[in-house]
Every structure is written in structure tokens, then in C-alpha cells.
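S.K.: Starting from the known structure of chain Y, fit chain Z onto it as the hints suggest.
Protein chains: 2
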Amino acid sequence: MSDQSRNLDAYAKAGVDIAAGNEAVARYKGVLGAWRHPDQMDAIGGFGGVMRMPGGGDRALVASADGVGTKILIAAELERYDGVGRDLVNHCVNDILVVNATPLFFLDYLAVGKLDPEVAAAVVAGCAAACRAHMCALLGGETAEMPGLYAPGHFDLAGTIVGTVEIAALPKPETVEAGDAIVALPAVGLHTNGYSLARKFIAREEWGAPFDGTTYGDALLAEHPSYYNAVRAIQAVAHVKTMSHITGGGLLENVPRTLPSTVKAIFEQTRWSVPPIMQELVKRAELSHEERYRTLNMGIGYTLVVPLADAAKAVAAAPGAFVAGWIEARRGDEPSVVVHEARV
Amino acid sequence: MSDQSRNLDAYAKAGVDIAAGNEAVARYKGVLGAWRHPDQMDAIGGFGGVMRMPGGGDRALVASADGVGTKILIAAELERYDGVGRDLVNHCVNDILVVNATPLFFLDYLAVGKLDPEVAAAVVAGCAAACRAHMCALLGGETAEMPGLYAPGHFDLAGTIVGTVEIAALPKPETVEAGDAIVALPAVGLHTNGYSLARKFIAREEWGAPFDGTTYGDALLAEHPSYYNAVRAIQAVAHVKTMSHITGGGLLENVPRTLPSTVKAIFEQTRWSVPPIMQELVKRAELSHEERYRTLNMGIGYTLVVPLADAAKAVAAAPGAFVAGWIEARRGDEPSVVVHEARV
Numbered sequence: 082m083s084d085q086s087r088n089l090d091a092y093a094k095a096g097v098d099i100a101a102g103n104e105a106v107a108r109y110k111g112v113l114g115a116w117r118h119p120d121q122m123d124a125i126g127g128f129g130g131v132m133r134m135p136g137g138g139d140r141a142l143v144a145s146a147d148g149v150g151t152k153i154l155i156a157a158e159l160e161r162y163d164g165v166g167r168d169l170v171n172h173c174v175n176d177i178l179v180v181n182a183t184p185l186f187f188l189d190y191l192a193v194g195k196l197d198p199e200v201a202a203a204v205v206a207g208c209a210a211a212c213r214a215h216m217c218a219l220l221g222g223e224t225a226e227m228p229g230l231y232a233p234g235h236f237d238l239a240g241t242i243v244g245t246v247e248i249a250a251l252p253k254p255e256t257v258e259a260g261d262a263i264v265a266l267p268a269v270g271l272h273t274n275g276y277s278l279a280r281k282f283i284a285r286e287e288w289g290a291p292f293d294g295t296t297y298g299d300a301l302l303a304e305h306p307s308y309y310n311a312v313r314a315i316q317a318v319a320h321v322k323t324m325s326h327i328t329g330g331g332l333l334e335n336v337p338r339t340l341p342s343t344v345k346a347i348f349e350q351t352r353w354s355v356p357p358i359m360q361e362l363v364k365r366a367e368l369s370h371e372e373r374y375r376t377l378n379m380g381i382g383y384t385l386v387v388p389l390a391d392a393a394k395a396v397a398a399a400p401g402a403f404v405a406g407w408i409e410a411r412r413g414d415e416p417s418v419v420v421h422e423a424r425v
Numbered sequence: 082m083s084d085q086s087r088n089l090d091a092y093a094k095a096g097v098d099i100a101a102g103n104e105a106v107a108r109y110k111g112v113l114g115a116w117r118h119p120d121q122m123d124a125i126g127g128f129g130g131v132m133r134m135p136g137g138g139d140r141a142l143v144a145s146a147d148g149v150g151t152k153i154l155i156a157a158e159l160e161r162y163d164g165v166g167r168d169l170v171n172h173c174v175n176d177i178l179v180v181n182a183t184p185l186f187f188l189d190y191l192a193v194g195k196l197d198p199e200v201a202a203a204v205v206a207g208c209a210a211a212c213r214a215h216m217c218a219l220l221g222g223e224t225a226e227m228p229g230l231y232a233p234g235h236f237d238l239a240g241t242i243v244g245t246v247e248i249a250a251l252p253k254p255e256t257v258e259a260g261d262a263i264v265a266l267p268a269v270g271l272h273t274n275g276y277s278l279a280r281k282f283i284a285r286e287e288w289g290a291p292f293d294g295t296t297y298g299d300a301l302l303a304e305h306p307s308y309y310n311a312v313r314a315i316q317a318v319a320h321v322k323t324m325s326h327i328t329g330g331g332l333l334e335n336v337p338r339t340l341p342s343t344v345k346a347i348f349e350q351t352r353w354s355v356p357p358i359m360q361e362l363v364k365r366a367e368l369s370h371e372e373r374y375r376t377l378n379m380g381i382g383y384t385l386v387v388p389l390a391d392a393a394k395a396v397a398a399a400p401g402a403f404v405a406g407w408i409e410a411r412r413g414d415e416p417s418v419v420v421h422e423a424r425v
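From first to last, the protein sequence lines stand for chains Y and Z. Residues 82 to 425 in the working numbering are what the first sequence spells out, letter by letter. Residues 82 to 425 in the working numbering are what the second sequence spells out, letter by letter.
Every clue listed holds true.
A pair counts as met if it fits within one copy or between any two copies, since identical chains are not told apart.
Under the rule of at most 27 angstroms between Cα atoms (straight-line distance), these lysine-lysine pairs were calculated in the DSS-like manner:
id: 1; residue 1: Lys364; residue 2: Lys281
id: 2; residue 1: Lys195; residue 2: Lys110
id: 3; residue 1: Lys281; residue 2: Lys195
id: 4; residue 1: Lys394; residue 2: Lys253
These aren't lab readings, by the way, just hints derived from the structure by calculation.
Only chain Y is shown next, with the shape it has when bound in the complex:
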């Protein structure tokens, strides 16, 4: 069985169909390839779309839409509503940060089966707090009550962020070369990915039970952090060539998105610790090496490629930052990411 099909098995267990996802993406490419706006620019890595700002000269707008995924079902069940707003905004901030964009404004979409104003206000308050922390306007939003689509107590939350970047400051992945260091910013938990798997292997009944000094529920709901301040601090002292936000697809799929095909990323997992909730999930779901690094972030939330000479300065600039690996030349059909792993 190939690594790829093993991976599909892991997702299929959780009811998520990656093959269907890949086919949808392929079909989208056909749909979107039919016409492209002349001001659209290359969206490095695809974490956000990039568009020349009309009349804005040397600036571009960067936009990204995202949701919180099935983390929302855990939040709804445990009646913890404000965290998902911060999860969502921070996720979006990190996505456009990959192309070096500064948040400008955000809009939320909250869909509910039965509108509870207190719950809705808590969700939006979470969005507002995370927006304010980034000096990002919460410029609008939509709250939809849709009986028949959502069960009572259920809701969905998605959002769109728009930021700005100087065109000259867009990352230059083509400058990445063998010998560069990969600086990583730590993940605090699953962030907003792997929740269908988590809900399958860590049952509702356990969420209140003690785990690692907290509860399973708290560990699962640990908030997706914003890497904005850390990245800006590192950029102030180090030359950052390219970055990745480690979301669905893990290190294996996200890191290559912003690397040229001539290099590969080598990670040495002995250099960091995997959050306990992820260790637990790996054990329970019996995830293979491939599965764990493609399904979960495994403790790395964000990566930055810097010249080796800048690595120490970069690490010193942001709390928790560490050198997670390095860049090597890639030949032929070698994998783009290799993770050397200690037993978790």
C-alpha cells in the first residue's frame, strides 16, 4: 500500500475524503482557468489570493477565506463560543502572513440552526478581539438562521480576511537554497485541523476527563495562535526568504507549497516536542509516519526559511522559535519534505 493511499485510509476513517478533495481542486482549476482577472498576481503557495491594488501603485491586496472546520462541533458541545472566533481570525491572519501581508479587514459568516443572540455575540466578540489585536477592522459579517440546514445548537463559522502587502515585499521562494535553515514557531495543539479525526478517536464522554494537567476538551480547544508578531520580530533581524502556515496537510503538504521544486525540506523531530494531545491522537488512531505529518501539524504551526547565518538571530527574536531543520538540494522524484522522527 502506498503512503498516499494509507493517508487516505486515515482520513476516510474520520469521514473526510481526501481523494474527493483533490478531485474537487482539480475541477476548480478547470473552472478558474477559463478566465483570470488581469490584475490577479501569482498567489505564492496559495495561502491567499493576491491582486494588484487598483490605483495603489506598488501595493497588492491579499485575501483568504477559511472556516474553523469541525472544531466547531466540540466548541458547540462544550458551549465555548468565543474561542472559535479567535481561532478563525488568527488562522486567516497566518494565511495571508505567508505572503507577508498585513491584515486590513475581516468579515465573518455565522450560520446557525436556531439563533441564540448570546451565543452569536460571543462568537463575534471572539472575532472582534482577534481583529483588534491585529489592528484589523471587523468590517462586516452575515448571521444566517437556517432551520433545516443546521441542527439546533449547531453552527458554522467562516470568514474572509483582506490584507495589504508591498509588491516588493512578496516572498521570493526561488531564492531558497541548500543550506538555508528552517525556523519553526510552535503549535499549541491541533489549531483548526484534524478535528474529524480527533472526534472519532477521542469520544465526547472523555472531553471532561483530566488530560495533561487540563482536560481533553480544553486540550482539543486550545486556540489557534496568531504568528503575526513573532514573524514581524524575526523579519526585523533576519532575511526571511519564504514561509508556510502549517494547516490541513501538515508539514508534508504545506511546506512544499512555498519552496522551489529544486530543494527539499529536512525536519528533525528531535528538535521539538509534539503536543501531548497530538501524541495521544497518533497513538489511538495508529497513524503511520506519513499519516501523522500529513494530517496534523505535529507541533509546528509556522515555518520560515532563512539563511543559516541568520538562524540564531531569528530564533532569539521570537519566544518559542527554534531551528526545526534545513534545506537540501532535491533530485528527480525525491520527496519535497522529509521528517526524521523520534518515537512519539
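M.R.: Just chain Z now, kept in the frame of chain Y:
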């Protein structure tokens, strides 16, 4: 029973709680009032948020998020997937058109219980087609598979549009005065509003049955049109003071959003015909006068206030446009909108 509480009754019958909606909006104001980005501008009517473009001098960005509502459940049931994408984009285009914005880019959010790549591609193709028709980039999107939140076959679709406007071209509602004419653009059906009510009173079993030269299903799914070209054509020949997109809340709630409190809008329903599907719904749900004009668009999709002297030119500039009423002075606590109605 007051008109307001009658109206709540009508929605409550359909499982939509307007009182909860109003309370949520009041709470949002508290949340959002805590901090406002210094570049945010007054969002005339609240159809879209407006923000000064950084480095953009005399331009502003205008953004709006929206969903298709429970029209999606009819589309899913009848397996008609591309129309909802056009519905959504056109709805968003019309919303920001109220502040005179030209679409720049759009991002979609598609959430499904079980991902069917063909369905997903059809939905996104609908978005792409409507975007292209407006020279609007489909800059990104998110497709989320969320088993446990959505039933198999169910999906939700939302989107965010961003447009641009010259700050000098923002509408000036304060210039509206008694004697101005209200030019209307016709609605073709429910557009994206009133579907919880429609699904309650026009049952699934009837959707295939003949109705008004088509079927109930087709009449219900009639696509939300874009008023972009019509509005631009009218603006080329007439001085447009203010506009409204007639969505949830109908004429009664949407028209006053872009009028000063010193005037009221008088509509004379004998001047236009109410689409048959709406007549049917009014009859079946026994909607009061207040209910019908607050729940449904009743045949008017978009309104433009112009000086009386410009009304004939405006009407001649856009196919289907007609004078629907006029502006009068408003005193004290008079209603902001009055509809003189023939029997429907």
C-alpha cells in the same frame, strides 16, 4: 397586535426568529462599538462596509459577506447546483453597488457534509461565471467537508465580495428631498430571501408541479439578478442620490436604510406587478400587508432615488425599470415607507 409583532409571527411560523435577530444585532453593536479602525468610513445603509484604501488616496474599499440562505435546501433537493453560485455573487454585487462600488474580487465558502467533486465544481462554476460577468476576480475560496455538521447531500454556500469606489462617488442620502422619484428595478422572484417561509408553505412534493408556465421548483429557484449594468446605465443619464438593495426585510426595512429620517418613501403598488410565486406565497401564508412587504421583495429588487426631472430618462435607460413611487416629507413618528397596494 402591533404590526411589528404580527411580522414576528409570520417569521416564527417559518422557524426564523426575527426578535432574536434584532437582539443579536444590538449585541453586535456593543461588541463592535468597543473599537473601530481609524480608516473605517460610514457604511451608508450598512449594505457593505467601507474602508479608506491604504495609500489609495481618494478611493475606498467596500466589502460585504452574505449567504444564499435556505434557498440552498431547495437547490440541493432538486440537484440544481450552479444557480446558487450566481445567486450569491449577484446578491453581493448588488449589496456593494448600493454605495456605488465596482466589484474587484470575490471569495466563496462552500461547506458540505460529504464532498462530491462534481457538485462542488458546479457550485464554484456558478460563482465564477457571475464573477466574470462583472470582471470580478474569483480570488480564492474554501471548501470544507464537515461530516457531523451537514447532512449528506446538504451544503452551505457563503461569500465575500470586495469592491472599490471613489470616495467622492459615495451616495449622498442627505440630498434626498420631497418630490424626488423612486425608480425601481424589477425582481424576478424571491431572490435569496423568504425561503424558510416558502419551504413551509410550498411543500417539497409540489416542486415538480406546473406553476405559471414553469414549475414551482423553477419559480422558487429563479436566479437573483445583478442590477449592476442597469444601475450604471441609469447613472449615465440621471443623477442618482441614493439606492437600496431589497433583500431580507423587504421594502419596509431596506429603503429607509439609505434615506434621511426627514423623508418617507411612498410606493404605489399599482405601478408594478407582483411575481406570481410571491402572490401564491402571500395567499398561502396569509401574509398581512406589513408581513408581505417586510418578508418578501414583492417584485422590486432594487431602488434608486432620482430628481423627478430625471425619472423619465432613468426609466428609459434600463430595461424593466419603472417609477415605483416618490419621496415625501416625514413628520415625527410617521413610518419611513408606505406602500399603497392593490389586491394581490
